[in-house]
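For reference, the chains in residue letters:
4 protein chains.
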Amino acid sequence: MLNVALFGAGRIGKVHAASVAKNSDAQLLAVVDVHEPSARALAEQYGARVSSQEAVFSDASIDAILICSATNTHADLIEAGARSGKVIFCEKPIDLSLERVKSCLAVVKEHKAKLFVGFNRRFDKNFRALKNALTNGEIGKAELLQISSRDPGPPPLDYIKVSGGLFRDMMIHDLDMACWLMGETPVAVSASASSVVDKKIGEAGDVDTAIVTLEFASGALAVITNSRRASYGYDQRIEVHGEKGMLQAENVLESTLIKSTGDGVVSQKPMYFFLERYEGAYASELESFIQLANGKAEAEVSGEDGERALALADAALRALESGQKQRL
Amino acid sequence: MLNVALFGAGRIGKVHAASVAKNSDAQLLAVVDVHEPSARALAEQYGARVSSQEAVFSDASIDAILICSATNTHADLIEAGARSGKVIFCEKPIDLSLERVKSCLAVVKEHKAKLFVGFNRRFDKNFRALKNALTNGEIGKAELLQISSRDPGPPPLDYIKVSGGLFRDMMIHDLDMACWLMGETPVAVSASASSVVDKKIGEAGDVDTAIVTLEFASGALAVITNSRRASYGYDQRIEVHGEKGMLQAENVLESTLIKSTGDGVVSQKPMYFFLERYEGAYASELESFIQLANGKAEAEVSGEDGERALALADAALRALESGQKQRL
Amino acid sequence: MLNVALFGAGRIGKVHAASVAKNSDAQLLAVVDVHEPSARALAEQYGARVSSQEAVFSDASIDAILICSATNTHADLIEAGARSGKVIFCEKPIDLSLERVKSCLAVVKEHKAKLFVGFNRRFDKNFRALKNALTNGEIGKAELLQISSRDPGPPPLDYIKVSGGLFRDMMIHDLDMACWLMGETPVAVSASASSVVDKKIGEAGDVDTAIVTLEFASGALAVITNSRRASYGYDQRIEVHGEKGMLQAENVLESTLIKSTGDGVVSQKPMYFFLERYEGAYASELESFIQLANGKAEAEVSGEDGERALALADAALRALESGQKQRL
Amino acid sequence: MLNVALFGAGRIGKVHAASVAKNSDAQLLAVVDVHEPSARALAEQYGARVSSQEAVFSDASIDAILICSATNTHADLIEAGARSGKVIFCEKPIDLSLERVKSCLAVVKEHKAKLFVGFNRRFDKNFRALKNALTNGEIGKAELLQISSRDPGPPPLDYIKVSGGLFRDMMIHDLDMACWLMGETPVAVSASASSVVDKKIGEAGDVDTAIVTLEFASGALAVITNSRRASYGYDQRIEVHGEKGMLQAENVLESTLIKSTGDGVVSQKPMYFFLERYEGAYASELESFIQLANGKAEAEVSGEDGERALALADAALRALESGQKQRL
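Residue numbers (numbering that gives the first Met the number 0), protein chains in the order written: chain A, 0 to 327; chain B, 0 to 327; chain C, 0 to 327; chain D, 0 to 327.
Careful, some of the hints might be misleading.
The list treats identical chains as interchangeable, and a pair is accepted whether it falls inside one copy or across any two copies.
To be verified - SDA-like, lysine to any residue: derived pairs with alpha carbons at most 20 Å apart:
| hint | residue 1 | residue 2 |
| --- | --- | --- |
| 1 | 13 | 236 |
| 2 | 124 | 253 |
| 3 | 295 | 217 |
| 4 | 198 | 218 |
| 5 | 140 | 218 |
| 6 | 13 | 35 |
| 7 | 140 | 150 |
| 8 | 140 | 257 |
| 9 | 243 | 272 |
| 10 | 108 | 307 |
| 11 | 140 | 37 |
| 12 | 243 | 152 |
None of these hints come from the bench; they were simulated from the model.
With the rest of the complex left out, here is chain A (with noise of 0.2 Å):
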């Protein structure tokens, strides 16, 4: 049985205390967050307990920490995670700077720890099906690979201003996918970008429609188009075009509902937004996390893919300031 405790309360972090309460090889005892009556609710719907960070560190019963708490304190837990010998799941990510994400992977590298980095779009079911085809050589070669992500709407100004950025905040999910889809490390990036949804966007020192073209060694292409609105939903698709054939996943539409009248055929929308599309893609990397802690598997997703994922976000930033385009 895994003993675990998480940091930060809030709605993701949630999603998580559901996860581990399901699996019956792990289970939730601890529960830190600044705000303590967000802890106490949560603690008190699994059984765990209200506790401190300086508690979860020094209690030797607890095996594995997640981290669900804000991206200023990511890094800091980690290390204290890996210094007192915690199996670590973390939440993109793992800190803005790369600086700072490379200091503490060393630390996590120095301690031998297990880190797990939550990217959690390579578990939606349809994404690793394009992944098991792809790999399985169903089309062959991969030579050009779309990924489409859009968000519903725009979030707050205010957390726009200390997200990092779109590259940084949004489309680290998809350099992520890009690099892993593909089974290589870009060698050059290309940007551009504008705020066409919302000038106040622009204004902030942010964009929120982005095309960045990443190039392989291999001679692969990809292209990925964000968009910080999508009046239809959340909009989740990727298509890699091979050798082969063509692999495509789709968007999962609110139900397989069809009404035809006058105006046309109308299908579904999407999915309203990443809670509620990637509910399973959720459960199952928690699952896969609580294999590697319980020893049953290798991490899915490394420190290495985090840092990875931001160092390619920089460089998509340079690129899209410089209008050169960026060799890795």
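Once you have looked at the hints, place chains B, C and D on chain A.
Below, chains B, C and D without anything else, positioned relative to chain A:
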């Protein structure tokens, strides 16, 4: 907190036990099964005790029973439950004999017992979306209903011999669905059927492929097609044609992956069978039952619904045997 | 070069005249219509002459006739064509009376005339692809056929009164399609119908919504659903369920445009009505007829096919009136 | 009646000759081809005469010319046509050299000649439906355009060597499409490309797989992906993401047949190549040209449109070579 006892620790009993465990308003107290090791395994998994019929019905602390045992035990358990004041969930059918169903429901009525019959498909989110659109008048008056229902493969001949036949065992779901969707009870039934899938099914006195047509007093018509075989998986589709348009609930596919090659554009198969396709429906169904048991809602499926579906199956059988449309 | 005379310069006559013009193996010589200006306009467009029945049948330079005039003229024109040695294309039906069809076909047989009946849907590329896949054994033995056929709206009541009724006027296409696809003639017919679309249709002695079930000697079953109304356009779909899978020919949409907004994911409607949907089929049909007339091919649709479809429509009507399955 | 002369009796010349024949407002008078037997065969089919450049340009009875000959003859023929007062249809490109295009268009302008450039895809009914929906404001302001354009297989190396390269030969269609749909000319162009399909294409100095990103002054972005290979057929899709939704024009499939078996749910492939996919577009394009020539409409595609697309292709090539975004 609702205290629940479960009769039958088989495939479907396990599904409902898991739903009870996930519901914070209910808990599983007792499991009864003629095969004691099955009862024990399931009881241990959820911290319940192994029990007996007598003990359950004489235990005042048990509020509700889930009847998931063999069909020929259903009516007796319902009656015992009604007499001892339990709220009753019973998997379909109540019984294969319409006379027995009537006598059983008389006991239920006499004791003013709450009875919920497990027509799980009404709780499928896709069919429910269709029902809601229909009720909301999105296509006006319903005129023509088509239900396609095909199992991935025939059950063993031994099962077929005791199943009551395709109409009572398989189509009974579709007959209930037709009445529920149309909000009417048919006034006439016709039937055509054959054993084109497997002659041995015909030799056993049953059919494996069937078309049943229903007529409603409103002038609306319905047709149900059933097959014991669908090589591409569990085929469960509904289409309603109405005054202002058409509603279709399509199959739920294994994933959204599409592969395009020289052979065509290949989507995934429908989910394999009822446990996969109706996983969410089973959970919603039990939530609805727990709400009934906790006095928060009426029975969404009543004993009379169970009786009506069986009466229609019997009428379809008479129509098949006589070649004469049966007026009800 | 095949010399062709056309009877009937209406909507469908124009379609066939255009097909003749495009075909380098045939030319339109004469047009006959009781409404002389219509005949004149069409004749002028294609460089043909206005003519009369007598002139056509006594003109040895005319090889073939296309009968697109009113239904009650078909049988007489066929007989006159047969007697004067013309190759004959006749729009469905040969006649609304089965007796008259039989006497007409006796004349055709006596003169060994070549007769091609215009069941245009057999030439639709989508249905033909389905037929080919079925014939190639791609789903093994056919077990269950579903034909959905719905017009965008009911014809005028005046037409309905002389149409022969829904079974002989509209479903006759689907009855022919069922026989052609299955490669068998049904052994039993059942029917349910109502006038749920428009009571006046019922008062005129006809129905507007119908379900007809066919049984074949092989054990295969078929169901045809018809409606005189489809608010979303002309609904023409076929589905065959077989031993190893299912074949579906879906509607042809106005374009491939899909619009996703907050209201859903909207595809285009099916093409409006038969002239749009079957434009290609009409052209292919006439190519096939010209090949017949030029001795390069057999009649793809024979007079006997026309007779069979009408006999099935009559049987469906008897089944509807009696409530008794009609064995053939 | 418009009298038309055709230069070039090859594949595309035949397509346009057939369109002229079908149009009641135009007739083909003369055919010119360096390969005299080709000219003769086509002329005979449509009752035209074989002619020469000199004869066509000095023949006052010829109103319009269709230039379907080799690319290196286009600009000279356009100039000759302009000088002799013909209305001119020219297959793309006007020339592979931007300088030559400019000097040619200067001659056109000087003689106030009417010139129509054959960007046939603008006339595809699916893309036109998308353009109309966009123009009607159905998704508000356009923000993100994606054009996927892939040929079924690479052309012969000999062709590639004289083609001007993928950007000028193949992507030029997509560059025109992007400008036409967005109603803007890009202000910046980036490019990534490789020869991952066939190294020999790279050795010949060209690429076979490419991603080009366009930026517009409005803040909108566009990405074009091209591949010389699509094992599943001709892949021609467009997607526009906007303020209020998304528009997608999907591939046109060979038929609507869907086959479901144990291997999945198989739809048909996209139509094989441009002659099949754009058959209707070619016909509409020539109708539009004939309307221009008859003074009933303006040129839907102008010489300047041809120049702009080539300038963008050249800019994409410079971006690829330099790794630097090209500002225009």
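We went through each hint and held it up to the structure:
no.: 1; hint: 13 to 236; result: neither (26 Å within a copy, 35 Å between copies)
no.: 2; hint: 124 to 253; result: both (16 Å within a copy, 9 Å between copies)
no.: 3; hint: 295 to 217; result: neither (33 Å within a copy, 53 Å between copies)
no.: 4; hint: 198 to 218; result: between (37 Å within a copy, 10 Å between copies)
no.: 5; hint: 140 to 218; result: within (10 Å within a copy, 35 Å between copies)
no.: 6; hint: 13 to 35; result: within (14 Å within a copy, 38 Å between copies)
no.: 7; hint: 140 to 150; result: between (30 Å within a copy, 17 Å between copies)
no.: 8; hint: 140 to 257; result: between (36 Å within a copy, 17 Å between copies)
no.: 9; hint: 243 to 272; result: between (33 Å within a copy, 17 Å between copies)
no.: 10; hint: 108 to 307; result: within (16 Å within a copy, 55 Å between copies)
no.: 11; hint: 140 to 37; result: neither (49 Å within a copy, 42 Å between copies)
no.: 12; hint: 243 to 152; result: between (37 Å within a copy, 11 Å between copies)
The structure fails hints 1, 3, 11 (numbered hints given earlier, in ascending order).
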